[in-house]
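**Student:** Listed below are the residues making up each chain.
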Amino acid sequence: MIRYHRPTTLTEALSIRAGEDVAILAGATDIYPAAANRRAWGDPTHKDVLDITAIPGLRGVTESAHGWRLGCLVTWSDIARADLPRQFDGLRQAARQVGGQQVQNRGTLLGNLVTASPAGDGIPNLLALNAHVEVAGRDGTRMLPVADFLTGYRATALAPDEIAVALHIPKLPRAVSGFRKLGARHYLVISIAMVAAVIDIDENGRILMARLAIGACSATAQRLPGLEAELRGTSLYHADKVPEARHLDHLSPIDDIRASGAYRREAALRLLRDLLWDLGE
Amino acid sequence: MIAFTLNGAPASTDAAPFAPLSDTLRESLGLTGTKVGCEAGDCGACTVLIDGAQACACLVPTAQAEGAAITTIEADHPVLARLRAAFLAHAAAQCGICTPGMIMAAADLLLRDAVPDAQAVRDAIGGVLCRCTGYQKIVEAVLAAAQGFTPVEQEAPAGEAVGASLARLDGWPKVLGTERYGADATPADALWLRVVRSPHASARFTLGDIDAARARHGLHAILTAADVPGLNGFGIMPALKDQPVLADGFVRYRGEAVLALVGERSAVEAVRDADLPITWQPLPALIGVEAARAEGAPLLHDHAPGNILVQGRLARGNPDAVHATAAATAEGAFTTSFVEHAYIEPEAGHAIPREDGMDIIACTQAPYMDREEVARVLGIAEDAVRIIPSACGGGFGGKLDVSVQPLLAVAARRVNRPVRVTYSRTESMASSTKRHPAQMHATMSADADGNFLAYTLEGDFNTGAYASWGPTVANRVPVHAAGPYRVPHVRAQARAVHTNEPPSGAFRGFGVPQAAIATEALVDDLALQLGHDRWAIRRRNALGRGDVTHSGQVLQASAGLPDCLDALKPEWDAMLAKVEAHNADNPRHRLGAGIACMWYGCGNTSMSNPSRMRAVLARDGRLTLFNGAVDIGQGSTTVIAQIFADALGLPVHSIDFVLGDTALTHDAGKTSASRQTFVSGRAAMETGRALRARILALANAGEDARLSLTGTTLTVTDGVGAARTIDLAALPADLDAEGRYDPPTTALDADGQGIPYATYGFAAQIALVRVDTQLGTVKVEEIVAAQDVGRAINPDLVLGQIHGGIAQGLGLALMEEYIPGRTENLHDYLIPTAGDVPPIRVHLIEDPEPEGPYGAKGVGEPALVPTAPAILGAIRHATGVRIDRVPVLPHRLWEAMR
Chain A
149 MIRYHRPTTL TEALSIRAGE DVAILAGATD IYPAAANRRA WGDPTHKDVL
199 DITAIPGLRG VTESAHGWRL GCLVTWSDIA RADLPRQFDG LRQAARQVGG
249 QQVQNRGTLL GNLVTASPAG DGIPNLLALN AHVEVAGRDG TRMLPVADFL
299 TGYRATALAP DEIAVALHIP KLPRAVSGFR KLGARHYLVI SIAMVAAVID
349 IDENGRILMA RLAIGACSAT AQRLPGLEAE LRGTSLYHAD KVPEARHLDH
399 LSPIDDIRAS GAYRREAALR LLRDLLWDLG E
Chain B
7 MIAFTLNGAP ASTDAAPFAP LSDTLRESLG LTGTKVGCEA GDCGACTVLI
57 DGAQACACLV PTAQAEGAAI TTIEADHPVL ARLRAAFLAH AAAQCGICTP
107 GMIMAAADLL LRDAVPDAQA VRDAIGGVLC RCTGYQKIVE AVLAAAQGFT
157 PVEQEAPAGE AVGASLARLD GWPKVLGTER YGADATPADA LWLRVVRSPH
207 ASARFTLGDI DAARARHGLH AILTAADVPG LNGFGIMPAL KDQPVLADGF
257 VRYRGEAVLA LVGERSAVEA VRDADLPITW QPLPALIGVE AARAEGAPLL
307 HDHAPGNILV QGRLARGNPD AVHATAAATA EGAFTTSFVE HAYIEPEAGH
357 AIPREDGMDI IACTQAPYMD REEVARVLGI AEDAVRIIPS ACGGGFGGKL
407 DVSVQPLLAV AARRVNRPVR VTYSRTESMA SSTKRHPAQM HATMSADADG
457 NFLAYTLEGD FNTGAYASWG PTVANRVPVH AAGPYRVPHV RAQARAVHTN
507 EPPSGAFRGF GVPQAAIATE ALVDDLALQL GHDRWAIRRR NALGRGDVTH
557 SGQVLQASAG LPDCLDALKP EWDAMLAKVE AHNADNPRHR LGAGIACMWY
607 GCGNTSMSNP SRMRAVLARD GRLTLFNGAV DIGQGSTTVI AQIFADALGL
657 PVHSIDFVLG DTALTHDAGK TSASRQTFVS GRAAMETGRA LRARILALAN
707 AGEDARLSLT GTTLTVTDGV GAARTIDLAA LPADLDAEGR YDPPTTALDA
757 DGQGIPYATY GFAAQIALVR VDTQLGTVKV EEIVAAQDVG RAINPDLVLG
807 QIHGGIAQGL GLALMEEYIP GRTENLHDYL IPTAGDVPPI RVHLIEDPEP
857 EGPYGAKGVG EPALVPTAPA ILGAIRHATG VRIDRVPVLP HRLWEAMR
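So the protein lines, in turn, are chains A and B.
Numbered continuously in our numbering, the first sequence closes out at residue 429.
Numbered continuously in our numbering, the second sequence closes out at residue 904.
Excised from the complex, chain A in its bound form (with noise of 0.2 Å):
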């Protein structure tokens, strides 16, 4: 029989985490589906399952002097209807494009991280935002950024007596920001590759400082360092031109059933170039 916590208060929650190898589950999203997997072909069995949607204060989107705060039960539907500055706009997209509405509203955007899928289509958009994550244990709060959190395929830094409460992005007042998710089909789609872009401009529109991430071409979402680097000093208005294939160089994509990885090499470099021209336009 699986055991079913539900506290109300996030010591509570930590006690349960510390005491046994439970679940941690908050929208339901990826439990559900990997449980029926798993099912179907003969293991019915299951963790103890941590509800963590009970607790106070997991929920909502607060702002601050530095930045926003989004609790660890914030969904992709209340991204997508918060009012946020057009640093989120590649955020904001990407929380449209996962799964089918129900999804949206259901699922959370720290669920998608934890679950550290190299498809989470939250997570290039993390990266470009800087977003760091509040990470709760019984000695207190630790932050991380997203690119220390995320570990491997499917892993990450949560200690296993520890439960990631919150994401922290700073401000960029400025900042411009895109997102492009490439599959095969409308709706209800996993992605082939995606590109997140946060960009701090100038009244002039040359670039300060650029944050690129990557989805789905390497076992964990990965910025772009040289490419970031290029790209300041540049004006946004020519963005496009500056990406090339040297700059996706420590990508590592596989091929699956949803395309070749030589494939998504290339369109990554071509979503990428989309997506400056577009935050150019």
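Please keep in mind that the hints were generated in silico from the structure rather than gathered at the bench.
Chain B is faced by these chain A residues, among others (derived, beta-carbon under 8 Å):
hint	residue
1	ILE150
2	ALA176
3	ALA184
4	PRO192
5	ILE338
Don't be surprised by glycine CBs; every beta carbon is placed ideally from N, CA and C.
Please arrange chain B on chain A, whose structure you already have, making use of the hints.
**Tutor:** Relative to the frame of chain A, chain B by itself:
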């Protein structure tokens, strides 16, 4: 207890907190209007509103319902009422299994946005998959509901039903959520069955102490091959029952049934396969037809030397010599993939053992065939088995074969209690039949004027581990392969090849869609070589009345392909002009136009396939049609009633129905081969006429008399207005009548010559696509179809078939590829969503078929056939690349363009 508000009233449940809300609604609270299609958030069939926002109930722990307001299809709400009425009036529900989810998703939108546009509607329903409608009618219905649509109850006066777009007669339960599919309305005392399936494509296995395992897991039974009381085999071909109900020490594909666990639900669901005493010895698997046909390949079945189950052949004239001297010759090799039916209702049903037999209530397309199979497996007489079809949530050929039926029967016999089963999505996909992957090499030649001269095709059709409908495909393909064109010299050979892959069976078109992909590409090649317009070369060669087919049959009537092409000509020209104008200054996003034709024989190939109907006008005034045809969403219940009503001369709404119950109805054959309107419809017409003749005789009235029925008073008014009344209650017996029809065909000789079908459907389609030549992505922008249906008995239902066929053809062309072990769910296996199917316009061509009821012939399969080749032709037009493999996933097109 978990407490919440359910459809406006307080509710609570003691269901497990981790149980998906969909399961709790259905199994604990009895609200089976919420459907379960995938248990993974991929199909949206279980969409409900939680605090006003749509959610997949299969992804919501019941615990999270605590304190929430849950709204399901059963709710009483004015927005739902408007949506229900609009779905019905707009023919937006076909099989109806997605309808509750669609309506709830649409309600979510209309509660937030009272006046949405079409794009907002598509966004709102984008998370609900429909496999029947192509979505266009659904979007129209939601827009109509937003505008406060209140439909008028449609009634056709006596004699005016045929040709009227009546709302489907079985529609209300579908939009109310009260329709009972295979997993609904199961007996409370039923035990549950779960099938243990092979994870290996090819393996031997031995079983340990099964009874000890049964006891250890607290089960009522673990069934093995040894428990099958009759023949442990089933299959479509009368003399080839090659697929075991439960494998006997040897499996031939991943997903094959090995054991059946029977017991209380909790016990059955707790068992880990790894804890069962099965010892596997995996063997090398034959994957793909090359492996199966290779020298020295192991044989899957003794009766299939070289792993070739059967070869179909058609030969006429001397095509090789003509190819060698023709002005233009085109050839190519073409490959298609396994395609999954992806009906949104996974196989489900229950069995009730009777002292003297067995009742099976399950989703099916073929109740009489199910009865034969179950009787054979149980080793009892056929008339001891009763098949009561549940509503069928989509079939498309995939529910022609038995699935759950023999397993349920064996289990219920063994435990002597009702037993139920519902396949999971993955189980459904892994175990059920598929469209045959084809590898075809074809050559076509023409003279300098563009007249087709010769055609040859060699095709290997991967029929998987068991025969299923493989022979049917192998026989149907050669007849149709050269396309609906005058071609004097033809040779076509199709082999059904066994592999260690899922059994390929029947899927809308029986191999013809695959062959059309090859043939229509070659037609385009010839047009290109000769400098002809692609429409013009098809029009020049199109089969028409009086022409001789490749099997030597003279088309005496109802051959409307020339009319179809003529109807499309202005739109084809406009499409070409649009492409040219656009592409002149758009090097990257290029448009392309494509065209394809098809023909399709209605009914079984050169085989008797009769339908028989019965009607009773009872002394209590009730008029009942006993109709054995199973309506799987396509609308046969409505269409057959319209035909019967007009033949009899009473209004369609005066008819009661008994449908597809083997104990109560005659055999109306299978719902396959586009035969129900044509064959069963004709039988219904004969039945109506026979009953009318009895009434007229009683009244001594002439053929032109009008009938009316009020209570038990039947009034017969003759041509000059004189009325006679018959008091039905005073008659010595009910008035009954029967009608039968079997389409006239002849056997095919060794060269495939003869009359394989009594009539053929014809169609042509044009497609406009937009290709991103950098990314290799394809967006279908528009499809225009012209289809000769003989007579459209119910034009809206005909459109529904055409829209739905086009959506499936689009999937075949662009995204659908079943790979065992890799695309066994609806997020890795992609079918078109509401955002993928373009606007569709349809020209209905009515070249009446004298054999058909009121001139009608089959509609269901033909619409799918031309879509993929038209899209592929359009991609080629846009890119210059001839596509030789489907689906054209973006990376494949990108690679082909490099």
